[in-house]
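Trainee: Protein chains in written order, with our numbering: chain A, 906 to 1222; chain B, 38 to 324.
Calculated from the structure, these hints are not laboratory results.
Virtual Cβ for every residue (Gly too), placed ideally from N, Cα, C.
Just to be clear, a hint being listed does not mean it is correct.
[As the list claims (entries may be wrong)] Below are the DSS-like pairs computed for lysine-lysine, each with C-alpha atoms no more than 25 Å apart in a straight line: (1) 952(A) to 1169(A); (2) 1010(A) to 1199(A); (3) 1052(A) to 1192(A); (4) 1010(A) to 952(A); (5) 951(A) to 1149(A); (6) 193(B) to 1204(A); (7) 84(B) to 156(B); (8) 193(B) to 1216(A); (9) 907(A) to 1199(A); (10) 1149(A) to 136(B); (11) 1205(A) to 193(B); (12) 1192(A) to 1048(A).
[Said to hold, decoys possible] Some chain A residues near chain B, calculated using beta-carbon distances under 10 Å: (13) 1075; (14) 1128; (15) 1161; (16) 1215; (17) 1219.
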Amino acid sequence: MKTLAFEAPLQELYEKIAQLKQLSLEGDVDLSREIERIEARADTLKKTIYTDLSPAQVVQISRHPNRPDSSSLFRLILENFIELHGDRAFRDDPSIVAGVGFLKKHRVMVIGHQKGHDTKENIYRNFGMPHPEGYRKALRLMKMAEKFSMPIVTFIDTPGAFPGLGAEERGQAEAIARNLREMAGLTVPVITVVIGEGGSGGALGIGVSNKVYMMEYAVYSVISPEGCASILFHDAAKSDVTSKSLKITATDIVALGVADDVIKEPLGGAHYDWEAAAASIKKVVLKNLNAYKKITDVKKIQEERYMKFRKMGQFSE
Amino acid sequence: MSIVDWFANKEKRRPSSKKLNIPGDLWVKCLACSEVLFLKDLESNFKVCPKCAYHFRISPEERLKFLFDADSFEETNAGIGPVDFLTFTDTEAYADRIKRAQKKSGVKDAVRTGRALLKGKAVNVAIMDFGFMGGSMGSVVGEKITRLIEAGVENKHPVIIFTASGGARMQEGILSLMQMAKTSAALSRLAAVSVPYISVVCDPTTGGTSASFAMLGDVNLTEPGTLISFAGPRVIEQTIRQKLPKGFQRAEFLLEHGMVDRVVPRCEMRQLLFDLVMLLDPHGAEI
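Work out the full structure, taking the sequences as your base and the hints as a guide.
Mentor: As structure tokens, this is what we get:
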């Protein structure tokens, strides 16, 4: 497993524990007290490391290659996830996965950005950066959900929409813009969880929702800290400064009124325990599905979503 | 006289580039073909180069003058101004940037909105100002555009928005991104009451502005040569590590790829806008 720089001391302890366990297995020395002592130290260290993270470190966790991805979370949360493919116009975009399934007794449409965990997978998934056809696939399935009165659950996890030749030719801007407008008018509730990286318009393109949740170590930003630093300081290395000033951590996003709440992650982050992370997400989504089940007037659902975004912005008058 | 002095004197003898400078208030050089143009000629030609048809970027005031009935513009929400709610500082504090831009332009932010007459036909109009912090969309631009669209939902007059913007305003963080959702949501309400929306995409329109209301017109128009993109050319070059083809992301490229309806020379814009709103508007056949 890849280790982030600030996790290194912790990793050292884990390695030591593993070595001691190996030793006690091989020889007949009893090292259990020693092991216990180091394990306790590791726990304390883990708590210390993860209670005082800088925004730049949170950004690293949000991009951790071992973080649970949308597709895996769908499989952990839903009873029978059936993936559906294609935008019916150009091709299937592997950067966005979508499909239907049962969450307990609720029929739901799920849509999420899809990153990979290694180079090969990341190339196939284009590092979770969708092309226009990804957004159009998402929109096709949202309209289908509307047709069959299914709530929509979306997971955001992308560095941003892909900046490339083909993406521009096929109308990246138009695809995202259309999703924003069409999502605003959906007659079914939409629940969004930012599970990792919430990168700009590419994230928002599936995020105009009734409820928005941030995973504890997820970020949501108008521009990547590196992109912001290279524009404002002409130096991408100044991203530790911009990651602070952009206010992109889960608590910031809730404080600014963009997200409704934070979903706690297992100690150390979702990459340590996918099942636990999935369970916390499931609990929150289920609570919402139960609540929306009681709202039969679709106008209320549309109005709630409209007003949520209508209120966003700070200005003087 | 040493050779060094000789060079120094030679430098002095050379007419300074300052002296060659054309008085800015009388003559201008075309940015495309370098032709020296008499400013008055240029202005009477809608600020389009008479030689090569290059469309100069123009201010909201000039656009109002060129396209709408004289003195018909009634501005709305001019009092909404930006707030530095993140106390954002890069090489300069956002609060200072705002002040400087306001002083230079005499307006509070990067868009002007209101009602105007187009050959006698009332329309709701917004014009973005690239000169104000690159036309970037923060809370003020988002709010004013949204209110303009909501006015259209109420008064049923067609909505025309002229965009010119580098995208979302980073200094307002995530809330600038959310203006994309806010404005687009308002457009879904406008669509529901069948009020026509014409987007005139002006040079340049990129990022969050193009990925929201700029691309959502019932009809999308643009001027020749306009840069329209989601990601800027430099970002794409860095990503794909190859040179971009000539004309990439220009108005004609977007027309070819089906993203805009027409590329319209500035001198034809007024008549075309009038014809379109008269044809599309189901709410008021009479003007």
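Trainee: Where does the structure disagree with the numbered hints, that is, which hint numbers, in rising order?
Mentor: 4 and 9
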